[in-house]
Structures are given as structure tokens and as C-alpha cells.
Amino acid sequence: MTQDALASTADILIGNRGAIQDAESDKQVFQVPWGKAMMWIFLLSDTFIFSCFLISYMSLRISTTVPWPIPSEVFALSFGGDPIPLILIAIMTFVLITSSGTMALAVNFGYRKNKKLTVLLMSATALLGAMFVGMQVFEWTKLIVDEGVRPWGNPMGAAQFGASFFMITGFHGLHVSAGVIYLSVVAWRVGSGYYDRHKNGNYETVEIAGLYWHFVDLVWVFIFAFFYLW
Amino acid sequence: MAAQEGHQQHPLSVYFWVWGLLFVLSGFSYAVDYYQLEGYLRWSLILLFMFLKAGFIIAIFMHMAWERLALIYAILVPPLCLLVFIALMAIEGEYIELSRLIAFGPAAEIISTHH
Chain Z
1 MTQDALASTA DILIGNRGAI QDAESDKQVF QVPWGKAMMW IFLLSDTFIF
51 SCFLISYMSL RISTTVPWPI PSEVFALSFG GDPIPLILIA IMTFVLITSS
101 GTMALAVNFG YRKNKKLTVL LMSATALLGA MFVGMQVFEW TKLIVDEGVR
151 PWGNPMGAAQ FGASFFMITG FHGLHVSAGV IYLSVVAWRV GSGYYDRHKN
201 GNYETVEIAG LYWHFVDLVW VFIFAFFYLW
Chain G
231 MAAQEGHQQH PLSVYFWVWG LLFVLSGFSY AVDYYQLEGY LRWSLILLFM
281 FLKAGFIIAI FMHMAWERLA LIYAILVPPL CLLVFIALMA IEGEYIELSR
331 LIAFGPAAEI ISTHH
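Read top to bottom, the protein sequences are chains Z and G. The opening position of the first sequence corresponds to residue 1 in the numbering used here, with each subsequent residue numbered one higher. The opening position of the second sequence corresponds to residue 231 in the numbering used here, with each subsequent residue numbered one higher.
Hint data in this document are derived by calculation from the structure and do not stem from the laboratory. Only a predicted model underlies this, so the values are computations on that prediction, with no experimental measurement involved. Note that CB positions come from ideal geometry on N, CA and C, so glycine has one too. Among these hints, one or two may not hold up.
If you want the ones that stay clear, here's a sample from chain Z, every Cβ over 12 Å from chain G, calculated [what the hints assert, rightly or not]:
1. I14
2. Q21
3. S25
4. I87
5. P155
6. G170
7. A178
8. G193
9. E207
10. G210
Incomplete in silico selection of chain Z near chain G, CB under 10 Å [stated by the list, open to error]:
11. I41
12. L43
13. T47
14. I55
15. I62
16. P67
17. P71
18. S72
19. I84
20. I97
21. L105
22. S123
23. S192
24. F224
25. L229
Just so you have them, the derived chain G footprint on chain Z, three or more residues with Cβ under 8 Å [claimed, not checked]:
26. 31-38
27. 107-121
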């Protein structure tokens, strides 16, 4: 006992290094790969960013005395016949959910070391993501050119509609675009054997990229509910 | 358990089930708008489908259900403070709307013509 106590006293450092040692107590809190823990913490910070956007949208919509434009009419689209409410947004939602499914499968096949299917499913995910961004470009163009929506006003109602719309969907679209690039890079690395050569065949990066992609889908669930349906 | 090694390998059927469920729930959300439900029924259904979808994505697709509790707490507890933020901004928003109605609404003109 006494010997142990003495030995541990000798190990205690002084000064700054001691302070760091005391604070960290040399423990690992999260029993997951560090990249995964860091991705989760990044996603947590991103949660707060998107929450700020959605909460400011809520404040604007509550505080305005002018009627808010009706999303199901603003985002209606007609294919020759009567306009179908929110149809483009519904298709975009389904595209994003499909991509989330392919991503989940890609992660699974990554752990099974099925290189071919992992690359194929990740490429499909990136492609669906690119499709989503393309549809968003179409949506923005229609709103700006045909319906005259601007960040400072629009012909349908409350002036704050445009600012909220462009900020929220723009920031989300940016995340999807970044995700498409991210997934493409990781898919390329899986396919070219980068992880086999440099990480001893560890494909955990696929899961980390997957976390990011599912988060983008998650944010869309909230945007769809609060901005388009409410 | 697999989670202790940081590995997440689960039967494919789980993913297909959740995938299907997300499609069905999205369909329901869309139906809320398509059938033009109004008022508290609309809002509660929107929130219900939203939280169910979010829950399935986080728990299954993001593997949170199989993570250790330390990570779950670290990620899921901090966003709870957003509830306070939402409540505060809702109160603030109502107050601003009221101020605008008093200062710029029809009542304001009556007050200004009397002065």
C-alpha cells in the first residue's frame, strides 16, 4: 500500500503538464473511434446552427402581422393539369430518404468488407444527393424568376418569407453538396484500396461519412415539417 | 456486444424495415398537407411523424441505439436546452407582434389622429 502510494506520488507531474494530467486523468470517455466521437460532436454543433435558423424563422413567423405565404400553394407544381400541392418537396423528401437507406446499407457492407457493394451504394447515395441539389436549384429558380420571391419581400405575403426560405434551405443545400463531395471522396478511397493500404483495411470512415449523411437527412425532416408543412 | 468494439454490424432486415417505415411516415406527413388538415390536428400529426422519423434515423441509421450511454448522453442531452430557447423566442415573438399591432396597426392610426 505504502509503496504504491509513493510510486503514484512520484508519477504526478507539476506545472502545466501536471494541470493537464489532472484535468484529463488520462481516461478515454467515449469507447468509439475518435473520428466517430468527433463527427458526433460536430453534428451536435451543427444541430445548434440549424436550430438557430429554425428558431429565428419561428420568431419571424410569429411576430409578423402580415399573413405568411401558404407553403402548399407556393410550392405547388402542375404537370399539365391542376397544380399538385408540395409535390416537388415530396419528391425531394423521398429522394433524400432513399439516399439515407442506400447509405445505411453501404455502412453495413463496409463492415462486411464487401468493397464492391460499398462503393456502389455510396456512389448511389452521392448521386441521389446530387439529384436533390439539382431539384433544389429548380425550386429556387422557379421561386426567384417566376414568383418574384426575394430575401426582402415577395408578392404573396410576409416579407420575411424569402429571407427564412433562402437561409434555411440554402444552408441545408450547402450541407448536401458538401456531403456529395465527402461521400465521393470516401467511396473513391474504398474503391482504390486506400483504407486497405493505410488503415489496415479499416472502413470506419464509411460509417463516419454515413453519420454526416444521415444528419443531413435528419435536418430535412425538421425543415420539411416546420417550413413546408406547418 | 459488437458496440463495445465500436463496430456496428446488424442484420440487413433492420435497415430495410426502418427504410420502409421512413417512406410510410413521409407519406403520412405529405397526406397531412394533401388532405388539408387544419389546426391542432394538423400540428400534432406533423410533430408526431417528424419525431418518429427523427427517432428512427438517429436510433437505427445513426446506430445511436447500440452506442454506449456516455456518448448518447453527451449528444442527446445538450440539445434539450433548445427547448428553453424556443419557449423564450415564442414569448418574445408574441410580444413583438402585439407591439406592432399597437404601434402600426389600425389602433395606432386612431391614437395618432386624436393627438
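Hints, verified against the model:
Every C-beta of chain G lies more than 12 Å from that of I14/Z, the closest at about 30 Å, which supports listing it as non-interface. Distance check for Q21/Z against chain G: the nearest CB is about 21 Å away, which clears 12 Å, and the non-interface claim stands. Every CB of chain G lies more than 12 Å from the CB of S25/Z, the least distance being 15 Å, so the non-interface label holds. Its beta-carbon lying about 9 Å from the closest one in chain G, I87/Z breaks the requirement of being farther than 12 Å from that chain.
Distance check on P155/Z: its Cβ is at least 21 Å (rounded) from any Cβ of chain G, clearing the 12 Å threshold; non-interface status holds. Its beta-carbon lying about 21 Å from the closest one in chain G, G170/Z satisfies the requirement of being farther than 12 Å from that chain. Distance check for A178/Z against chain G: the nearest CB is about 18 Å away, which clears 12 Å, and the non-interface claim stands. Distance to chain G confirms G193/Z as a non-interface residue, since its nearest Cβ pair spans about 21 Å, more than 12 Å.
Its beta-carbon lying about 6 Å from the closest one in chain G, E207/Z breaks the requirement of being farther than 12 Å from that chain. Its beta-carbon lying about 8 Å from the closest one in chain G, G210/Z breaks the requirement of being farther than 12 Å from that chain. Restraint check, I41/Z versus chain G: the minimum CB separation of about 8 Å is within 10 Å; hint holds. The interface hint given for L43/Z holds, since its Cβ lies 8 Å from the closest Cβ of chain G, which is under the 10 Å cut-off.
For T47/Z, the shortest C-beta to C-beta distance to chain G is roughly 6 Å, which falls under 10 Å, so the interface hint holds. With 10 Å as the threshold, the beta carbon of I55/Z comes within range of chain G, its nearest partner Cβ sitting at about 5 Å, so the hint holds. Satisfaction of the interface hint for I62/Z is found here, the shortest Cβ-Cβ separation to chain G being roughly 3 Å, below the 10 Å cut-off. Checking P67/Z against chain G by beta carbon gives a least distance of about 12 Å; that is not within 10 Å, so the hint is violated.
With 10 Å as the threshold, the beta carbon of P71/Z comes within range of chain G, its nearest partner Cβ sitting at about 8 Å, so the hint holds. Given hint, S72/Z at the interface with chain G, holds; its Cβ is 5 Å from that chain's nearest Cβ, closer than 10 Å. Residue-level restraint check for I84/Z holds (minimum Cβ-Cβ distance to chain G is 8 Å; threshold 10 Å). Here the hint on I97/Z is kept, as its CB sits about 5 Å from the closest CB of chain G, short of 10 Å.
Taken as an interface hint, L105/Z checks out: its beta carbon lies about 6 Å from the nearest beta carbon of chain G, inside 10 Å. This hint is violated: S123/Z has a C-beta 18 Å from the nearest C-beta of chain G, more than the 10 Å allowed. Interface hint status for S192/Z: violated, as the beta-carbon distance to the closest one in chain G is roughly 23 Å, over 10 Å. A distance limit of 10 Å between C-beta atoms decides the matter here; for F224/Z the minimum to chain G is near 7 Å, and the interface restraint holds.
Look at L229/Z: its Cβ gets to within about 5 Å of chain G, closer than 10 Å, so that hint holds up. As drawn, the region 31-38 of chain Z meets chain G at 5 residues by the rule of a beta-carbon pair under 8 Å; at three or more, the given contact holds. Beta-carbon proximity to chain G at under 8 Å applies to 4 residues in the region 107-121 of chain Z; the threshold of 3 is reached and the given coverage holds.
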